[in-house]
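Chains as they are written, first to last, in the numbering used here: chain H, 1 to 344; chain D, 1001 to 1344; chain L, 2001 to 2344.
Rather than coming from a laboratory, the hints here were simulated on the basis of the structure. All values reported here derive from a predicted model rather than from experimental measurement. The C-beta atom is built at its ideal place from N, Cα and C for all residues, glycine as well. Do not rely on the hints blindly, as some may be mistaken.
In silico negatives: residues of chain D with every beta carbon more than 10 angstroms from chain L [claimed, not checked]:
{"#": "1", "residue": "L1017"}
{"#": "2", "residue": "K1046"}
{"#": "3", "residue": "V1065"}
{"#": "4", "residue": "P1098"}
{"#": "5", "residue": "E1186"}
{"#": "6", "residue": "G1203"}
{"#": "7", "residue": "N1226"}
{"#": "8", "residue": "E1277"}
Okay, the calculated bits of chain D under chain L, using three or more residues with CB under 8 angstroms as the criterion [said to hold, decoys possible]:
{"#": "9", "segment": "1154-1163"}
{"#": "10", "segment": "1300-1312"}
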Amino acid sequence: MAAVTLADIVARLGGELSGDAQTTIFRIASLDKAGPGEITFLSTPKYQGKLAATQAAAVIVPVDVKSVCPVPHIATPNPYLYFARLAQWLNPATRPLPGIDPTARVLCEVPPSVSVGATAVIAAGANIGANAIIGAGCTIGADVEIGADSLLHANVSIYAGCRIGARAIVHSGAVIGSDGFGFAREAAGAWVKIPQSGRVIIGDDVEIGANTTIDRGALDDTVIENGVKLDNQIQVAHNVHIGADSALAGCVGIAGSARIGRRCTVGGAAMILGHLEIADDVHISAGTLVTKSIVIPGSYTGSVPFLPHADWLKNFARLRHLDAMADKIRALETRLAELEKKSS
Amino acid sequence: MAAVTLADIVARLGGELSGDAQTTIFRIASLDKAGPGEITFLSTPKYQGKLAATQAAAVIVPVDVKSVCPVPHIATPNPYLYFARLAQWLNPATRPLPGIDPTARVLCEVPPSVSVGATAVIAAGANIGANAIIGAGCTIGADVEIGADSLLHANVSIYAGCRIGARAIVHSGAVIGSDGFGFAREAAGAWVKIPQSGRVIIGDDVEIGANTTIDRGALDDTVIENGVKLDNQIQVAHNVHIGADSALAGCVGIAGSARIGRRCTVGGAAMILGHLEIADDVHISAGTLVTKSIVIPGSYTGSVPFLPHADWLKNFARLRHLDAMADKIRALETRLAELEKKSS
Amino acid sequence: MAAVTLADIVARLGGELSGDAQTTIFRIASLDKAGPGEITFLSTPKYQGKLAATQAAAVIVPVDVKSVCPVPHIATPNPYLYFARLAQWLNPATRPLPGIDPTARVLCEVPPSVSVGATAVIAAGANIGANAIIGAGCTIGADVEIGADSLLHANVSIYAGCRIGARAIVHSGAVIGSDGFGFAREAAGAWVKIPQSGRVIIGDDVEIGANTTIDRGALDDTVIENGVKLDNQIQVAHNVHIGADSALAGCVGIAGSARIGRRCTVGGAAMILGHLEIADDVHISAGTLVTKSIVIPGSYTGSVPFLPHADWLKNFARLRHLDAMADKIRALETRLAELEKKSS
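Chain H on its own, in the form it takes in the complex (with noise of 0.2 angstroms):
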């Protein structure tokens, strides 16, 4: 990244800058790292004691704070927000060159704004934006459409008939379109497939993460709005709606035709179960089962402490007789109950 000054950041990110507004920035760095030259940032009160011993050419830090930072600094109200504009200015993504490398196959017509990389493949009858990027070796089915200025990364997998809006990024091993798990199940147990006939429909400004997998609708399609995140290794089954700004880590399941609400937050390897609903601005914690719909906005958790094995053993064998141990208490209540009258 190219250096710029303190006076260079504040018009163009705005803050209220305190300190020599001609100090040099050439990097940015986290606040146990930062040294000469770096800009860094104070995201949350809790690490305001380490902004004495900063050794950063500047901060970022919250308004409120602004005062007892020794260094050069800007005061803005969200300074992680700040700290991302920064780093979006100051590490421009790299991109190659435009065009179409020999090795790649494509049978459509591409703009010639747009990047294939070596040996992908794109089918006949796909639309790609202007500016798109096709990474190595991806595959991108018959009519798909990818919107303008989309980054596919290396070794994505795109089914015949989906859509992809505007600014996607999507890393690498994540496939888009999959066959839903549909059967119908004869009388003695074996499965008929049914056809997944619809698509996934995926709107502008969506991230996808390395890994993750969306299955294609049955007979409607599958839909992940605008603004949604999806972090590596999550499981998308086919119908699932999944609402605008979204934000959803690592390891999450989403099960048939559930539907999540906009601005919601799934934490790490949650599963959201089939045929249910959640309201806007739901947060499910890491790790919780959503086994039934949500129609109050808030946090909502669902899983248990770990222990040292030992104690696990002691107290977690108990829940198999969690019932018994109620029925023990209601006893215990009558019979009290019981003595007090006659006491009395």
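Please arrange chains D and L on chain H, whose structure you already have, making use of the hints.
Chains D and L only, in chain H's frame:
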């Protein structure tokens, strides 16, 4: 899909038709969305109330509700199965032309009916059955066998020596035959790899989901019997044996040498530990950790309910003291018995 | 594998031989299946009863059970480790010929001893060590370093700038260097991406399972030390640090900036939250959610027992009322104490 009449459908698939046999069907749709020219189905009595308002041209109904359906309908004991068969008939899979794409790298003979996609790689000694489709970017190792009419979607990886039966469907990103996780440990803690010299042997009519992984056996083989259906992102460790017609939902993990019976179902994100045995016709609920063998058919569950976060904090923290609670109940019982004795 | 005698084996690997040193061994087999010409091993005293009936030509046994073995045997303190070393010797990996497949796309210099598979893609500036094997369909980003004697199976994706040490084994579908899941949030709920400018740095002798994903760091690097073994479908988030010789089983997830010590083991599907620290020599059981730091070595568990579904319903529903149960117990104790006082 081409248009058919209800008479055509019943002639092919059976069922008892009520209403105009010449009603024309252009498409299958869900019960909520079906309109003119579309056929839908009622799979459970739960949705029977929706029948009265349906705009569908026709409905597939269970035998016992046929009387209340206001539009032409086909009565059958299992509407969902009927729908599956109808959908298969009306949505025949489109298949690529036979032949080897010029960018594929094929080092064995393949039948002329086989289709090999762009940049696919098939090593020497592989044996590909008639009419098989090998998707773009697949890599097939040496001496692999793939049965007739099997379909590998794009970017599937199959290691040397593995066998897949006829009519398989393998989704993108699936990996078959990777090394099992087998190491011995030196005294100082370093791991010594145990060569994984078994194979993966997969029967006929198996479907394998996107990004599912199946490890090869250590000494013996990993075995998936006929008719097994694996959803996306399932992990099958070395030497696992899955019985015929079992179906496993997304994100399930099965540890080494576990043996799962026939016609079992496993819910999403369930985890089955190693070196145990699960009988035929066992059903494991989503999110359950199976830690020991199950010898009696039936349904088994081991997950915790979720709660609003504050309620969860209050209740689940008690789990650390469940043993102490049981002790207190026992102490109360003793003291109460003592009092009761005195007062009698 | 070639035939060897027990004398050959002991000459190479040590151990105390009893029985005919000229016994010829053609293959290694499991204790249950071993027959003539095959050597097997007894790894735990638990299976000692099977020794009497073995048809094996020879058995590797622990020092303390050697007397009861009816066939030639080699006594050693750790038969499983001995078996691992023997198996490595008798099953040398077959390796492809050195050289670059004509369908590969290699934009850097590679040593003549390196083997690059069909349709593999290696970007400019990459540095591939001697004798490395790059599997078919792999994509290696710009400036990646891969150490000598490393093996990448087919369809591995490595992003620009990452480093892998010597003697690595990376399985198909693994993704190394994808962006960490880092976003700041605007007041209205939209997410702003934080560029992930760190790298993934992997030591020597590391094995990475199929479809495992390792994200690059945000500002600093994600680090995997020497000798770490990662099973399939593990998710390692940005800025995680995993200490030397730790081994993680399948489906484990590790959230951002978690720091795991040396010689740790993590059971399948365990989930480790972010920004916490786990000491050396900690063992996490399968299915455990680690929500805070662990400073004392030992075993830790947090999973629930499974039950027949009806029993589970009865017992686990009580979890929603555990706090109320504790209150009832306390009330009973108070009332009982009152009565006891009266009656004394």
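Here's how the hints hold up against the structure:
Non-interface call for D/L1017 relative to chain L: holds, since the shortest CB-CB distance, roughly 39 angstroms, exceeds 10 angstroms. For D/K1046, the shortest C-beta to C-beta distance to chain L comes to about 20 angstroms, beyond the 10 angstroms cut-off, and the non-interface label holds. D/V1065, annotated as away from the interface, keeps every beta carbon of chain L farther than 10 angstroms; the closest lies near 28 angstroms. Separation of D/P1098 from chain L is adequate, the least Cβ-Cβ distance of about 21 angstroms exceeding the 10 angstroms criterion.
Remark: the non-interface label on D/E1186 conflicts with the geometry, its nearest Cβ contact in chain L lying 7 angstroms away (cut-off 10 angstroms). No Cβ of chain L comes within 10 angstroms of the Cβ of D/G1203; the nearest lies about 21 angstroms off, and the non-interface call holds. The non-interface label for D/N1226 is consistent with chain L: the shortest C-beta to C-beta separation is roughly 23 angstroms, beyond 10 angstroms. In this structure D/E1277 is separated from chain L by more than 10 angstroms, as the shortest Cβ-Cβ distance comes to about 14 angstroms.
Residues of the segment 1154-1163 of chain D with a Cβ under 8 angstroms from some Cβ of chain L number 3, which satisfies the need for three, so the listed coverage holds. Using a Cβ-Cβ cut-off of 8 angstroms, 8 residues of the segment 1300-1312 of chain D lie near chain L, which meets the minimum of three, so the contact claim holds.
Of the hints listed earlier, the one the structure fails to meet is number 5.
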